[in-house]
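> Below are the chains, spelled out letter by letter.
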Amino acid sequence: MFLINCPYCGERDQSEFSCGGEAHIVRPKQPTELSDDQWAEYLFMRKNIKGIQFERWNHAHGCRKWFNMVRDTSNDKIHAVYKMGEKPPIE
Amino acid sequence: MKNKYSIFSLIKNAFSQHENWKQAWGDPEPKREYEAIIIGGGGHGLATAYYLAKKHNMRNIAVLEKGWIGGGNTGRNTTIIRSNYLWDASAGLYDHALKIWENLSQELNYNVMFSQRGVMNLAHNLQDVRDLKRRTHANRLNGIDAVWLSTNQVKEFCPIINTSPDIRYPVLGGTLQRRAGTARHDAVAWGYARGADEMGVDIIQNCEVKGIKRNGDQVEGVETSKGFIKTKKIGVVAAGHSSVIANMAGLRLPLESKPLQALVSEPVKPIIDTVVMSNAVHAYVSQSDKGELVIGAGTDAYVSYTQRGSHDVVEGTLKAILELYPIFSRMKMLRQWGGIVDICPDASPIISKTNIKGLYFNCGWGTGGFKATPGSGDLFAHTIANNEPHELNAAFNLNRFVSGDLVDEHGAAAVAH
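As given, the protein sequences belong to chains X and C, one line each in that order. Start counting the first sequence at 70; every next residue gets the next number (our numbering). Start counting the second sequence at 158; every next residue gets the next number (our numbering).
Same shape as in the complex, but just chain X (with noise of 0.2 Å):
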């Protein structure tokens, strides 16, 4: 349980966000042309980083626009909040 400071609200407890997944997993340019490996990977495999990973979460239960956040999955500490199409503040 932690707090999460929404780019557009502010500052509001979790609960009232949806985690969306990891981040910046794009989308295959030409899905035609990519063999099952390449559709096993884009679909279903994850980092799952123990440590800081990039995520994707929504205010479900406020503006409901989605947003990016940089979260250390080992102590659920947040270390950096983004809007969609900005570029991570930290590598």
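Keep in mind that the hints were calculated from the coordinates and are not lab data. Positions of the beta carbon are idealized from the N, C-alpha and C atoms, including for glycine. Take the hints with a grain of salt, since some may be wrong.
Restraint-style ranges between C-beta atoms, simulated for each label pair [unchecked claim]: (1) H294(C) - P100(X): 36 to 44 Å; (2) S307(C) - W135(X): 44 to 52 Å; (3) V95(X) - N266(C): 53 to 61 Å; (4) N363(C) - V95(X): 40 to 48 Å; (5) P97(X) - Q284(C): 28 to 36 Å; (6) P100(X) - S445(C): 49 to 57 Å; (7) I317(C) - F71(X): 34 to 42 Å; (8) P483(C) - E155(X): 47 to 55 Å.
Please build the complex by placing chain C on the supplied structure of chain X, with the hints as guidance.
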């Protein structure tokens, strides 16, 4: 058996105030090389080592555990055992485990306190009724005992349930698997550890794996906090940390690790003599032999390795419990904890070899791995020893995410994931 437990050994040791019991397993230093190494000393890992030694005659093996055995999800679950899964592959897998459970205490000469008190799944809406009836039929076609209960029969089987039609999620019926039940989770780890140790397996605790050494596409050994250990076969049974180990070998897995919570109440006199699960409102409850209510809550919706979990998840579960069992309204909860569960996209496990020679994974058990412990160990041992899956775990290979032949138990498995 060098130190067989029996009524006679109990009496004999009573004369010496129970101070002379022998240690049930040793505390060896790792050797330089093993025939096989199991990463993860939980129930599944220890069972794997036990069956490798017992059925496949591999005695020169080690189980590496970063903490203490049974200290991860084995000691954190709600101990429910059942096999009423929808799909044929899952039914085969989980019922294989249930059949081993039925004789496990005798086989291990260790009381795992397996209690076939039945597991009842409640239906709260029309879709639940249809899904659960369908699952009952599917179970019976697979030779798994399952019956449909009407609302009155639910009330008769577990009288403290509120079956009033005007609650928010009324009980419209339920299913019952009578062979299902619970077991003592710690005893499962300890029993397998004792059995494996006796056959020569080295159980090495406080030994964290730091890296996996590869030579091309063949594994060569593991870097650990106690130095490098050479081996040609590595079985990874690391539950929530499977992705972390996979990463060391340069492999990606279709897993997400999330906290799953459980809690227990203060102990009370016997009040519920079965296990009741409710998918729609996400509330599981049973009573331990100590008298505590054992309550299973849900997973958080985000990846986390914190072993904590969010308060709102527990709150939601307790709200549902209170509506279904008004009698519990004044009970106090004593302890709450979280375990990190590794969830597959299709909510089915992976018991599989990988494209790296000598590297095997047993993971993705998600929210329901405890029930499968003996079967999982048996089938994983078969897979490691023969480098081929057993027919019962063939469907649970890693390649199913490429072929698309998923075992989709999401929503079908009688629980919400």
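> Look at each hint and say if it fits the structure.
Results for each hint:
1. Range check, H294(C) to P100(X): Cβ separation about 38 Å, and the 36 to 44 Å hint holds.
2. Checked against the hint of 44 to 52 Å, the pair S307(C) and W135(X) passes, with Cβ atoms roughly 45 Å apart.
3. The hinted window of 53 to 61 Å between V95(X) and N266(C) holds, with their beta carbons roughly 56 Å apart.
4. Against the hinted window of 40 to 48 Å, the Cβ-Cβ separation of N363(C) and V95(X) comes to about 42 Å, which satisfies the hint.
5. Take P97(X) and Q284(C): their Cβ atoms lie about 35 Å apart, and the range 28 to 36 Å holds.
6. Range check, P100(X) to S445(C): Cβ separation about 51 Å, and the 49 to 57 Å hint holds.
7. One distance hint, 34 to 42 Å for the beta-carbon pair I317(C) and F71(X), holds here, with the actual separation near 36 Å.
8. As the Cβ distance of P483(C) to E155(X) is approximately 50 Å, the hint placing it in 47 to 55 Å holds.
Every hint, counting from the list given before, is met by this structure.
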